[in-house]
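Chain by chain, the residues run as shown.
Number of protein chains: 2
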Amino acid sequence: MSAIKQEVAPLELFPPLQPPGRYLFGPGPTMVDPRVYDALSKPIVGHLDAYFIQVMGDIQQLLRTAFGTSHGATLVISGTGSAGMEAAVANFVEPEAKFMVFANGYFSDRITEMAKRHAAQVVRFEKPWGETFGDDEAAEFIRREKPKVVAYVHAETSTGALQPGTAICGAAHDVGALVIADCVTSLGGLAVDFDQTGIDVAYSCTQKGLSCPPGLSPMAISSRAMDWLRARTSLVRSWYLDLKLIHDYSTVSHRYHHTAPISMFYALREALLVIAQEGIENRWERHRRCHQVFVKGVEAMGLRLHVPVGYRIPTLNTVGVPKDVDEAKVRKRLLDEAGIEVAGGFGPLAGKVFRIGVMGPLATEENVQFFLKEFSRALTVEGYSI
Amino acid sequence: MSAIKQEVAPLELFPPLQPPGRYLFGPGPTMVDPRVYDALSKPIVGHLDAYFIQVMGDIQQLLRTAFGTSHGATLVISGTGSAGMEAAVANFVEPEAKFMVFANGYFSDRITEMAKRHAAQVVRFEKPWGETFGDDEAAEFIRREKPKVVAYVHAETSTGALQPGTAICGAAHDVGALVIADCVTSLGGLAVDFDQTGIDVAYSCTQKGLSCPPGLSPMAISSRAMDWLRARTSLVRSWYLDLKLIHDYSTVSHRYHHTAPISMFYALREALLVIAQEGIENRWERHRRCHQVFVKGVEAMGLRLHVPVGYRIPTLNTVGVPKDVDEAKVRKRLLDEAGIEVAGGFGPLAGKVFRIGVMGPLATEENVQFFLKEFSRALTVEGYSI
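Protein chains in written order, with numbering that gives the first Met the number 0: chain L, 0 to 385; chain V, 0 to 385.
Chain L on its own, in the form it takes in the complex (with noise of 0.2 Å):
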């Protein structure tokens, strides 16, 4: 034990925690709700409590409203909104089977990479970041290819473009295939319309339009999907994201599988209830408007946004970088100076965009205005003539 000993590090190193106060204006984690913070601080009970199951339910059925679905089944992964995403790719993947990806952004990419490590043989269509598919094209070419399966990024977080998917959905079901959707910077700030649009697995997580702390990954699988996945004979390649053992134990025997985040449960309980209670479309309502009043105001500034019009996610705003400014620097001054986190651009968009999220507790006309407030004095003095 004296091994040990001389490898314990002196107190006086980890001073309380104390985080600094900031404004969430990035793509996410976004802010939370003090109901939330509160819900998190409660008691923990077992997993397999039965006031741990009724929250469990809780949320599944809340989620219903969320995603827009009433055969799909709902349920949380708990991971972050990488384990939903790997756990809809490693579930709806077969060896060898036809996985197509509409590929216009860094999530696309991530799931193409998945799709690979699960041994899926994958098709691209590939577009610049930014640009979104057209019904057409679209349908056309899940026609041409047959997949078994399709991919799509609702809401692209990395680029702020918004995917339609009915026709993408239409022409996946007219050759059989399952649709994938990532609904990770959707589900809570827009409608998903799960149903509707005819999507079979979403995604999502909660620390962007479900203004929750990051942890856990809400997913909805349509009856078609789950009746595939009951048929699928070959074994999943990951136990801990495999859905039919997790829907076993978080709807139908409850019988234990992992010992899940109690906490981060009632978190995105109380997150869920919060919404539940301002009404989904009242709040959608107020993100679209919200995002009216910032594109007003940063197009008052010169900028212009990186996505065009009808294919914004009005929770996501990338703005493009003025010429000569140094994105690197703003985003500096605005978190230094005014406690405001916004994120820049990455892969071909490094440099060129600030990404700049409206949602949840900030997504009013005040804060708007205040962030533009802010937004305008830091390009000006990093050399921005407004």
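Among the hints, erroneous ones may be present.
Chain V is faced by these chain L residues, among others (derived, beta-carbon under 10 Å) [said to hold, decoys possible]:
1. Ser81
2. Ala82
3. Leu272
4. Gly301
5. Lys372
Sample of chain L residues facing chain V (criterion: CB under 8 Å; computed from the structure) [said to hold, decoys possible]:
6. Ala8
7. Leu16
8. Gly20
9. Arg21
10. Gly45
11. His46
12. Tyr50
13. Glu112
14. Ala230
15. Leu234
16. Ala259
17. Ala275
18. Glu340
19. Gly343
20. Gly346
The hints are simulated quantities; they were obtained by calculation from the structure and are not laboratory data.
The beta-carbon is built from N, C-alpha and C at its ideal position, and this holds for glycine as well.
Please arrange chain V on chain L, whose structure you already have, making use of the hints.
Chain V alone, transformed into the frame defined by chain L:
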């Protein structure tokens, strides 16, 4: 949108979150220090914020003491203990690699299942649940089988048995194998002695010996294992659990991999600080002392422990169910009448043992006496004569 409206569940179905008070005397989740709940409810910052990077760094440093490692890398998986298990298996197994499991309980079966899903060729040394492996027989088996990876469960949650690892690690290294140790139930409650034992990959959870809510999986990785991982050329089947990517995000470049569960990291940092302030060796000693009080108490009631002296996990006791007593009824009575949660056995131990954890804040003589009194009462009412 009218199609969605009809799906909205009436709000009166969802009362305010008010978890019942529980004394969590089960195998986990266990009781949480109030300071950890406070930490959970602190405002979040971004997952790439310098403050959060510091929080991750603090956790890594504090984990070195808990694991007992000076040369190993420490990091945290954004999933529960089972995600840590799958990370260990997925990253250190290449397809067709010979993977040896010491199988004497539920969690070694789970490791087996995961290893198969990750395409290992699994060989098992099997013993009845609750037994452990002697040094000579363990070493002999390894020398004969010459596996690439050896896995054992340090503290088997399903049986209460503690498996010494020194002989296993020695023999494994003699044949060039890496050793994975499941430390889910040991970390924080008793010495893991990572370096001294010679473990290459250890994973744990937050909700047992660390007295934090469930949701994360701390890991330690030896420099030998890290070198092996860096040299690995085949892709790990899981992207979410790819340790090279996670290590890079959390320790090296801090480049985005996934959005870490900020609040849970706050909680884990606080839980580790609570432990560091007590002194980890004092904590282990406190658990040992309470274990002795507990054993003395149940033996005085005429009960016997499932695991022989010398191989018992001090923080988790498996107590034999007396003849003609329905253990489920006893557990229900404890829960309903005293708010005490304990667990039953499963698999071959179903109906045969109670699994009773005495960990963290519950590990005081006063709490043990409180438990013994209630346990004795419940047993008596259910027909047991003490």
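We went through each hint and held it up to the structure:
1. Because the closest C-beta pair between Ser81/L and chain V is about 4 Å apart, less than 10 Å, the hint holds.
2. A least Cβ separation of about 5 Å between Ala82/L and chain V falls short of the 10 Å threshold, and the interface hint therefore holds.
3. Interface hint at Leu272/L: satisfied, since its Cβ lies 6 Å from the closest Cβ of chain V, which is below the 10 Å cut-off.
4. Contact between Gly301/L and chain V, as hinted, is not supported at the beta carbon level, the nearest pair being about 28 Å apart and thus beyond 10 Å.
5. For the restraint placing Lys372/L at the interface with chain V, the shortest Cβ-Cβ distance is roughly 21 Å, beyond the 10 Å limit, so the hint is violated.
6. For Ala8/L, the interface hint holds, since its Cβ comes within 8 Å of a Cβ in chain V; the closest pair sits about 5 Å apart.
7. For Leu16/L, the interface hint holds, since its Cβ comes within 8 Å of a Cβ in chain V; the closest pair sits about 5 Å apart.
8. The closest approach between the C-beta of Gly20/L and any C-beta of chain V is roughly 6 Å, which is under the 8 Å cut-off, so the hint is satisfied.
9. Nearest Cβ of chain V to the Cβ of Arg21/L: about 5 Å, under the 8 Å cut. The hint holds.
10. Because the beta carbon of Gly45/L sits about 5 Å from the nearest beta carbon in chain V, less than 8 Å, this interface hint is met.
11. Hint on His46/L holds. Least Cβ distance to chain V is approximately 7 Å, under the 8 Å limit.
12. The closest approach between the C-beta of Tyr50/L and any C-beta of chain V is roughly 6 Å, which is under the 8 Å cut-off, so the hint is satisfied.
13. With a cut of 8 Å, the hint placing Glu112/L at the interface with chain V holds, because the nearest CB-to-CB distance is about 6 Å.
14. Below 8 Å, beta-carbon pairs count as interface contacts, and Ala230/L has none with chain V, the closest being about 19 Å; its hint is therefore violated.
15. This hint holds: Leu234/L has a C-beta 5 Å from the nearest C-beta of chain V, less than the 8 Å allowed.
16. Annotation: Ala259/L was flagged as interfacial toward chain V, and the flag holds, the nearest CB pair being 7 Å apart, inside 8 Å.
17. Interface hint at Ala275/L: satisfied, since its Cβ lies 6 Å from the closest Cβ of chain V, which is below the 8 Å cut-off.
18. Here the hint on Glu340/L is kept, as its CB sits about 5 Å from the closest CB of chain V, short of 8 Å.
19. Here the hint on Gly343/L is broken, as its CB sits about 10 Å from the closest CB of chain V, past 8 Å.
20. Hint status for Gly346/L relative to chain V: violated, with the closest Cβ pair at about 11 Å, above 8 Å.
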